[in-house]
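Input sequences plus hints: build the corresponding full structure.
These protein sequences, in sequence, are chains U and D. Each residue of the first sequence is one higher than the one before, starting from 209 at the first, in the working numbering. Each residue of the second sequence is one higher than the one before, starting from 24 at the first, in the working numbering.
Quick caveat, the hints were computed from the structure, so don't treat them as lab data. Possibly wrong hints are sitting among the right ones.
DSSO-like cross-link-like pairs, simulated, lysine-lysine; straight-line CA separation at most 27 Å [stated by the list, open to error]:
| # | chain 1 | residue 1 | chain 2 | residue 2 |
| --- | --- | --- | --- | --- |
| 1 | D | K261 | U | K476 |
| 2 | U | K476 | D | K203 |
| 3 | D | K75 | D | K44 |
| 4 | D | K131 | D | K203 |
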Amino acid sequence: MNFELSGEQQMLKDSVERFVQDNYEFAKRKDLAGSALGYSDSHWAVFAEMGWLMLPFAEENGGLGGSAVDMGVVTEALGAGMTLEPLVPSVLLGGKLVEALGGAAQKDNILSAVAGGQLKLALAYGEPHARFDLNYVEATAVKSGNKYVLNGRKSVVLQAASADKIVVIARTSGDAADTSGISAFLIDADTTGLLKQDYPMVDGQRASDLWLQDVQAELLGAEGAAFAALQSVIDGAICAVCSEAVGAMGRVLEMTKDYTATRNQFGKAISDNQVVQHRLVDMFTVLEESKAITDMTTMRLAEGAQNTSALVSAMKAKVGEAARFVGAQGVQLHGGIGMTDEYPIGHYFKRLMAIDVMFGDSAHHLNRYAEGIATGANS
Amino acid sequence: MDLQFSSDDLAFQDEVRSFLKENLPASVLDRSDRGLHPLKDDIVAWQKTLHKKGWIAPNWPVKHGGTGWSLTQKYIYNREYFLTGAPQTIAFGLNMVGPVIYTFGTQKQKDKYLTDILQSNVWWCQGYSEPGAGSDLASLRTRAVRDGDDYVVNGQKIWTSWAQYADMMFCLVRTDPDVKQQEGISFLLIDMTSPGIEVRPIIGLDGEHSLNEVFFDDVRVPAENLIGEENKGWTYAKFLLGNERNTIARVSRSQYQLKRLKEVARAERRGAGHLIEDTDFRRRIARIETDLMALEAMELRYLSQDIAGKKLMAEPSVLKIRGAEIAQAIKTLTVEALGPYGMVYESEDQLTMRNDGPLGPEYAHGAMADHLYQRAATIYGGTNEIQRNIIAKLILR
Ligand SMILES: Cc1cc2nc3c(=O)[nH]c(=O)nc-3n(C[C@H](O)[C@H](O)[C@H](O)COP(=O)(O)OP(=O)(O)OC[C@H]3O[C@@H](n4cnc5c(N)ncnc54)[C@H](O)[C@@H]3O)c2cc1C
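Below, the structure written as structure tokens:
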């Protein structure tokens, strides 16, 4: 057992941290978040150059064969700077699903371009009626010649506005809630019949709602059998965003500690009040829990453990709750200045809230874990 | 002990309820329902309606334009008011400076200001907090120096809500820097059009503009705008803070918003069913609702003690702490009810500029806007930490 980083992982961490330090000063991030694209293509080129986009793909697919732990090292450091580039949607969602399901030609065509940063992907799995249930898919796909025709709605698709291709989850058979009959498809982002509503999220990232009307699509993998791969890809992405949350919470704690040590009221630093110290301790404690459970879960995933869903849900439930607590207390202990757009702490609060919601909030994952108790899956 | 209202009180309740229902403009109710701040013209018009009815200032003495209601009637009015969904009237004139003026002001000041406050002709803002003086308000440094018939004011206020709309500010200034902090503060009424005043916006984390910084550069304020005595301002400021008791717990506002939350949970789909069918979600609503019931019971109990003439100490702080926490819990859960759309947000300006809105369900935007703004509920008007300090000091020592 070893929770320490390897030498290589330490170097990776240092390089990402350096990138964040050099490029993600808060004012610059704010400008980027407000720009038309919502992030920087020249940063994206750096992500590619540094190999971060290649990291999670297998070597035979042109990747570096990095583990979930390696990925966590990257996203934790990125999370501290609340970076905006679409690493999770393009690589960990779209790319990983293509890697899991695609045929040789599809992988050839797509993965090296994704890993090189030339091609951006998004993954459209959520739907307005599905809430956080991955199996609930109303969008339909009907075979027509060697293509499929897609119809339906997809909601809150991360970074679809700037994606070149979108992986779409649709149903080829069964009822809306069945886990079988779910298939994955590839479409071009500018294909006919696709209507997009692009918008910002509360954390400055971008997302879109999609309306699919007789959209021609290419099947990924076997018809009707995409669910398991989808779930495991989402589980991987959950690890990555939990690491991001750990990075972001670390920054919140640091900023709040510094602020309360320098802000004077009643003739002394605010943090001279024991109640403030204890609050900081509570924030620290949930951060430590989050860091540990995220690292542990990530290692389990990296070791190829079976039935990781319960572990992932346990982690997400803990980290999501911690994220909300740390974000909210960060704002609270800053007082009025915490409520402003000009000061970073409120943005961390919003980012942490979005991470809790992303891929299922803590309530959802606690329930998912609890279901496992009933079925004996995690007895 | 009994909980019954008299038949007169019940008749009064009916009268209040039907008047508010019939007269609250749909557009005002709609914004309030969504969780958006009222538009300036809307809230002013609505306050004028209440004034015409004679109900704008229930807490004021009759001779200054109040209603002469009993404490019970005031309680009923407040309750019905918020259960209608109406937005809170702007407190700065009506609940804050108005009572200070009729209690401590000169006859000339009363004649000059009170009618305009009752008629909502003049918008007031509250100039208390400064960059260096938040929780420790008494350390404020904005300086006022007497020069002939004027005070000359220099310094800065911050977090001044709605200063961009304000015609007047009631302001705490330092008139004597050489005595104990609380004993060198004065209470001034300042015309916001005076030369030397600059108002700069502060955008909130909701992307909206309610907060401001206000700078004073040799601003001349007539000495007749001083309330009461020089260097006695802290007394008036404290009196003002003590006046908030009636609405501090926001029980009925929260009850109304809890009802809205249930409507959202009924509308939100979860697979083939709806979110409201989810036992876990219902338990979370129930948890808040039981907290709210206890808060209402506390408020009633304190009210009855007040009626019985018992002096309350830090009880309003108890109400403020729980009221703010419960309001935040409702807002947080309302955003959680949105599922993945609980990540989506842009400011109202941006949203109204697009032609493909709304984003997600139409109730989503205001839910998030209010959730973000309500983070301040545990900060403004004395933070929850400071309220706890007050209770510890006044009740538990
Ligand atoms: C939305 C909003 C609207 C506002 N509107 C107005 C307005 O119209 N007019 C106006 O004058 N002001 C207004 N305020 C200002 C508000 O009153 C102050 O923000 C508040 O008094 C806290 O002061 P501060 O922001 O300087 O925080 P600080 O006093 O610096 O406090 C920072 C943190 O330290 C904690 N803390 C401080 N001292 C102690 C202690 N002794 N023990 C334990 N904890 C402590 C606080 O609880 C808080 O969590 C508004 C604020 C907000 C957020």
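Here is what the structure says about each hint:
1. Taking the CA atoms of D:K261 and U:K476, the gap is about 23 Å. The hint holds against a cut of 27 Å.
2. A threshold of 27 Å between alpha carbons decides the hint, and for U:K476 with D:K203 the separation of about 17 Å falls inside it, so the pair holds.
3. Distance check on the hinted pair: D:K75 and D:K44 sit about 16 Å apart at the alpha-carbon level, within 27 Å; holds.
4. Among the hinted pairs, D:K131 with D:K203 is inconsistent with the structure: their alpha-carbon atoms are about 31 Å apart, more than 27 Å.
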